[in-house]
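Visitor: Here's the letter readout for the chains.
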Amino acid sequence: MLFFKRQLPLAIAFIFGLIGFLAQYIPHHSFEAVYNELISWVRLLYAFALILGTYSLLRLHFKRIERKTAGYGYSIILWIGFSVTFAIGMYNEGDWFLTGQSRTGMLMWIYDYIFKPAGATMFSVLAFFIASAAYRTFRARTMAAGMLLVAAIIVMIGRIPIGDMISEHIPTMAMWLMEVPNAAVKRGIFLGVALGVVATSLRIIFGIERAYLGGD
Amino acid sequence: MQRETLAKILNLDRRWIFLMVLICAIGARFVDIDMQIFPKKTVKAMYDSIEEVAKNKGTVLLSMDYDPAAKPELEPMSRAILRHCFSKGVKVIGMTHNPHGQRLAQTVLESSAAEFDAKYGEDFALLGYKAGGGTLVINMGQDFRDAFAKDFANTDIRSLPVAKDITSLTDIDYVISVASSGYWEAWMIYGHDRYHFKFGTGVTGVIAPDVFPFIQTGQVTGLIGGLAGAAEYETLIGKPGIATIGMKPQSAVHVLLVLFVLFGNFIFFWDMILKRRQEKAWKR
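Read top to bottom, the protein sequences are chains A and B.
1 is the number of the first residue of the first sequence in my numbering; add one for each residue after it.
1 is the number of the first residue of the second sequence in my numbering; add one for each residue after it.
Extracted from the complex, chain A is given alone in its bound form (with noise of 0.2 angstroms):
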């Protein structure tokens, strides 16, 4: 059925861009309507796109068990994680899952003392790992290199109290750095991502981008 795969995700994404497009620049209160109401419906699209995601997330740890593809321990301990916590989650302390979620319990034990100190520990690790590379990788081969090296060594000092300690200057030039040539560059970026969302969206709108549409 050609129609259900490209004619109407192409009718709609063109109808539908069209309306949100034009709620920008028409001030009148049915357009507003029209907007408030898609507004409310993109939300419940999100909360959709939670459970696609967490469908794809598990087919796709399935299939590596199911192959026995490398590190596929890994996915059978993501399919315990998953159903234990969701099982806990839905069980809601005796009071199921109609009712809000309760306060205390295992499912707050499992994010307290498993979730909350996993993520902690992942961002952490990440210090060293910086620490390393800088060691490495940060050469000034170029002069380019130089002046970023040069640049970041200021901002580095200059973020903590230290900097402050050594000279009062070292912390203005590492502000003076995130306020002129920083924030030129940034805006610079911006206004190019920008661009290029508009582009995207408008050739999206007008059916000439279609891989969103997926393969066959």
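Read the hints as simulated data drawn from the structure, not as lab findings.
All residues carry an ideal CB built from backbone N, CA and C; glycine is no exception.
Some clues are possibly wrong.
Where chain A lies over chain B, by a calculated footprint (3+ residues, C-beta under 8 angstroms) [stated by the list, open to error]:
(1) 225–236
(2) 259–266
When the alpha-carbon atoms are kept at most 30 angstroms apart in a straight line, the in silico DSBU-like pairs for lysine-lysine are as follows [what the hints assert, rightly or not]:
(3) Lys198/B / Lys40/B
(4) Lys40/B / Lys186/A
(5) Lys116/A / Lys164/B
Starting from the structure of chain A, add chain B where the hints point.
Guide: Just chain B now, kept in the frame of chain A:
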């Protein structure tokens, strides 16, 4: 020194580097140095904005958009902001865009409120998590009670005195997003630019440079960047906390990083000189 020795130094087993970072971070906690913290103007701008809200006993919406991975860096910010608000009688409405952030938001909100005897419903409330990101922000601007009809504990928000007069984001005096990802941008683009409320943000050190262009345009009033920013805020409210304690290890590791970079480059250039000398010798 021979080039082989220099190569060995450059290719030092990274476990030694990890060990040095660890020693530096732990050791710095025991060094007795009085570190003076001087708040930057972006942090001061957020402090002043809350002081302004306090004059009218207004309301701050604090969106704690981070997960446990960013907790060590961002929770001290949330705590310092909450302490400031509660100490000045500012009402606080908390929420999160991050599905993993509700428990963190609840913990920091309740523990900070307990320090000042702030009461749930009267002085603060927690809306919890809802999916949507930017669209949720638009929805909150259009109809606050439609976006959040109930708080995180399923209580009707119209029954909470702290939220009873809030019908749109425009009724909030100051919105702050403490974020570990792009949620602060969603607040700015879909919130501030549309509904024109005052907006400030607290972000991780890595994200902070992204915010600077928007401080200049006036879209962001107040920025706390990383743990150092949180320590500056703690200094402003006169209540040193975990961020201030963290400044010693952070300073030590930053200095170590700089030394690593300088030493690595010193060895690199030395090796380059030796290489050129060798090449000249071969030519002769």
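Visitor: Hints first: check each against the structure and report whether it holds.
Guide: Each hint tested on the structure:
With a cut-off of 8 angstroms between beta carbons, the region 225–236 of chain B has 4 residues touching chain A; three or more are needed, and the interface restraint holds. Counting residues of the region 259–266 of chain B whose CB falls under 8 angstroms from any CB of chain A gives 6; the rule of at least 3 is met. Between the alpha carbons of Lys198/B and Lys40/B the distance comes to roughly 19 angstroms, so the proposed pair stays at or under 30 angstroms and holds. Note on Lys40/B and Lys186/A: the hinted pairing holds, with a Cα-Cα distance of about 21 angstroms set against a maximum of 30 angstroms.
About 34 angstroms separates the Cα atoms of Lys116/A and Lys164/B, which puts this hinted pair outside 30 angstroms; it is violated.
Taken one by one, the earlier hints fail for this structure only at number 5.
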